[in-house]
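**Q** Working from the sequences, and respecting the hints, build out all of it.
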Amino acid sequence: DTAVSQTPKYLVTQMGNDKSIKCEQNLGHDTMYWYKQDSKKFLKIMFSYNNKELIINETVPNRFSPKSPDKAHLNLHINSLELGDSAVYFCASSRRIGLAGEGGELFFGEGSRLTVL
Amino acid sequence: KQEVTQIPAALSVPEGENLVLNCSFTDSAIYNLQWFRQDPGKGLTSLLLIQSSQREQTSGRLNASLDKSSGRSTLYIAASQPGDSATYLCGTNAGKSTFGDGTTLTVKP
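Those sequence lines, one after another, are chains U and G. The first sequence runs contiguously to residue 117 in our numbering. The second sequence runs contiguously to residue 109 in our numbering.
Quick caveat, the hints were computed from the structure, so don't treat them as lab data. The structure presented is a predicted model; accordingly, all values stated were derived computationally and were not measured. It cannot be assumed that every hint is accurate.
[To be verified] In silico negatives: residues of chain G with every beta carbon more than 12 Å from chain U: (1) L19; (2) N63; (3) S65; (4) A79; (5) S85; (6) T98.
[To be verified] 30 Å max Cα-Cα, derived DSSO-like pairs, lysine-lysine: (7) K71(U) to K1(G); (8) K41(U) to K1(G); (9) K36(U) to K67(U); (10) K44(U) to K9(U); (11) K42(G) to K19(U); (12) K41(U) to K96(G); (13) K42(G) to K36(U); (14) K71(U) to K52(U); (15) K36(U) to K96(G); (16) K40(U) to K67(U); (17) K44(U) to K68(G); (18) K1(G) to K44(U); (19) K68(G) to K41(U); (20) K9(U) to K71(U); (21) K22(U) to K108(G); (22) K19(U) to K96(G); (23) K108(G) to K40(U); (24) K41(U) to K42(G); (25) K9(U) to K68(G); (26) K71(U) to K42(G); (27) K71(U) to K96(G).
[What the hints assert, rightly or not] Here are the computed distance ranges between Cβ atoms for each label pair: (28) D39(G) to T7(U): 18 to 26 Å; (29) Q81(G) to P61(U): 36 to 44 Å; (30) D70(U) to K96(G): 21 to 29 Å; (31) N22(G) to K44(U): 14 to 22 Å; (32) G16(U) to V13(G): 40 to 48 Å; (33) K52(U) to D67(G): 35 to 43 Å; (34) T5(G) to D70(U): 34 to 42 Å; (35) K96(G) to L27(U): 15 to 23 Å; (36) K42(G) to R95(U): 17 to 25 Å; (37) E3(G) to A3(U): 23 to 31 Å.
All residues carry an ideal CB built from backbone N, CA and C; glycine is no exception.
**A** Right under this line is the structure:
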C-alpha cells in the first residue's frame, strides 16, 4: 500500500487551462503539504494543511487553490495555467504540527510532473 | 528566513569509499532536520530524521549528525555502493520545511 499517493503522475496541458492534482495519504497523519520542485531541482513549500485547516500559505499566486476535504486528502487546483507553472508537484504528510511548529517525519508522494505548453 | 546550503553540489566516488555530505543552515532554531534520497523521476525517500535534541541518528551504513549551534549537519555513508547513486537532500523544520539544493552522488563500480 502506497503511503502517500498522487494522481496524475504526468500532466501535459495548454496554457490557460485549469487542472487539478489529487493526493491521499493512508498514514493517519494530520498534516499534509504541497511542494513545488522546479527544473533546477529546488524544492519549495507551497501550502500546508493541519486537519483540514490551512496553516502555511507561501507566496503562491492565487491561481493555485488547495482544498482538503478531510485530513487524508489534499488536492491542488490550478487555474489559468502558465508556462512557469511547469514543474514537479509533490504532496507530503507528517504527524501533527504542534503549537510551536514542531512536526514529525515527512513522507513524500512520487510527484506529479506538470508540463504547460 | 532560513537558508539551507548543501556542499558539494555533485560528488563522484569509486565503490567502497566512505563519504560525507554536508548541509548547513542559517537559522539554528529548528525542530528537526531530515535527510532524503531522490532518484531521477522519483519522489523523496526519507533516510534519517534528527530531532533538535539529538546529536546523531544511524541507519545501516548511514549516519547523520546535527550541530545546531554551528548550523551544520553531515550525512556519512560507509562503504558506498553503486546503488547509493542518487541526489541527497537535507531539509530543516523550523515551523515549515526548507530544503537545500541537494548533492548528486555517483558511485562508480
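**Q** Are the hints correct? Go through all of them and say.
**A** These are the hints, each one checked on the structure:
{"no.": "1", "hint": "L19", "in the structure": "holds, 20 Å"}
{"no.": "2", "hint": "N63", "in the structure": "holds, 17 Å"}
{"no.": "3", "hint": "S65", "in the structure": "holds, 18 Å"}
{"no.": "4", "hint": "A79", "in the structure": "holds, 25 Å"}
{"no.": "5", "hint": "S85", "in the structure": "holds, 15 Å"}
{"no.": "6", "hint": "T98", "in the structure": "violated, 8 Å"}
{"no.": "7", "hint": "K71(U) to K1(G)", "in the structure": "holds, 29 Å"}
{"no.": "8", "hint": "K41(U) to K1(G)", "in the structure": "holds, 20 Å"}
{"no.": "9", "hint": "K36(U) to K67(U)", "in the structure": "holds, 16 Å"}
{"no.": "10", "hint": "K44(U) to K9(U)", "in the structure": "holds, 19 Å"}
{"no.": "11", "hint": "K42(G) to K19(U)", "in the structure": "holds, 21 Å"}
{"no.": "12", "hint": "K41(U) to K96(G)", "in the structure": "holds, 19 Å"}
{"no.": "13", "hint": "K42(G) to K36(U)", "in the structure": "holds, 14 Å"}
{"no.": "14", "hint": "K71(U) to K52(U)", "in the structure": "holds, 5 Å"}
{"no.": "15", "hint": "K36(U) to K96(G)", "in the structure": "holds, 14 Å"}
{"no.": "16", "hint": "K40(U) to K67(U)", "in the structure": "holds, 27 Å"}
{"no.": "17", "hint": "K44(U) to K68(G)", "in the structure": "holds, 22 Å"}
{"no.": "18", "hint": "K1(G) to K44(U)", "in the structure": "holds, 13 Å"}
{"no.": "19", "hint": "K68(G) to K41(U)", "in the structure": "holds, 26 Å"}
{"no.": "20", "hint": "K9(U) to K71(U)", "in the structure": "holds, 21 Å"}
{"no.": "21", "hint": "K22(U) to K108(G)", "in the structure": "violated, 38 Å"}
{"no.": "22", "hint": "K19(U) to K96(G)", "in the structure": "holds, 26 Å"}
{"no.": "23", "hint": "K108(G) to K40(U)", "in the structure": "holds, 24 Å"}
{"no.": "24", "hint": "K41(U) to K42(G)", "in the structure": "holds, 12 Å"}
{"no.": "25", "hint": "K9(U) to K68(G)", "in the structure": "violated, 37 Å"}
{"no.": "26", "hint": "K71(U) to K42(G)", "in the structure": "holds, 24 Å"}
{"no.": "27", "hint": "K71(U) to K96(G)", "in the structure": "holds, 18 Å"}
{"no.": "28", "hint": "D39(G) to T7(U): 18 to 26 Å", "in the structure": "holds, 20 Å"}
{"no.": "29", "hint": "Q81(G) to P61(U): 36 to 44 Å", "in the structure": "holds, 43 Å"}
{"no.": "30", "hint": "D70(U) to K96(G): 21 to 29 Å", "in the structure": "holds, 22 Å"}
{"no.": "31", "hint": "N22(G) to K44(U): 14 to 22 Å", "in the structure": "holds, 21 Å"}
{"no.": "32", "hint": "G16(U) to V13(G): 40 to 48 Å", "in the structure": "holds, 47 Å"}
{"no.": "33", "hint": "K52(U) to D67(G): 35 to 43 Å", "in the structure": "holds, 37 Å"}
{"no.": "34", "hint": "T5(G) to D70(U): 34 to 42 Å", "in the structure": "holds, 38 Å"}
{"no.": "35", "hint": "K96(G) to L27(U): 15 to 23 Å", "in the structure": "holds, 19 Å"}
{"no.": "36", "hint": "K42(G) to R95(U): 17 to 25 Å", "in the structure": "holds, 23 Å"}
{"no.": "37", "hint": "E3(G) to A3(U): 23 to 31 Å", "in the structure": "holds, 30 Å"}
Of the numbered hints given earlier, the model fails hints 6, 21, 25; all others are met.
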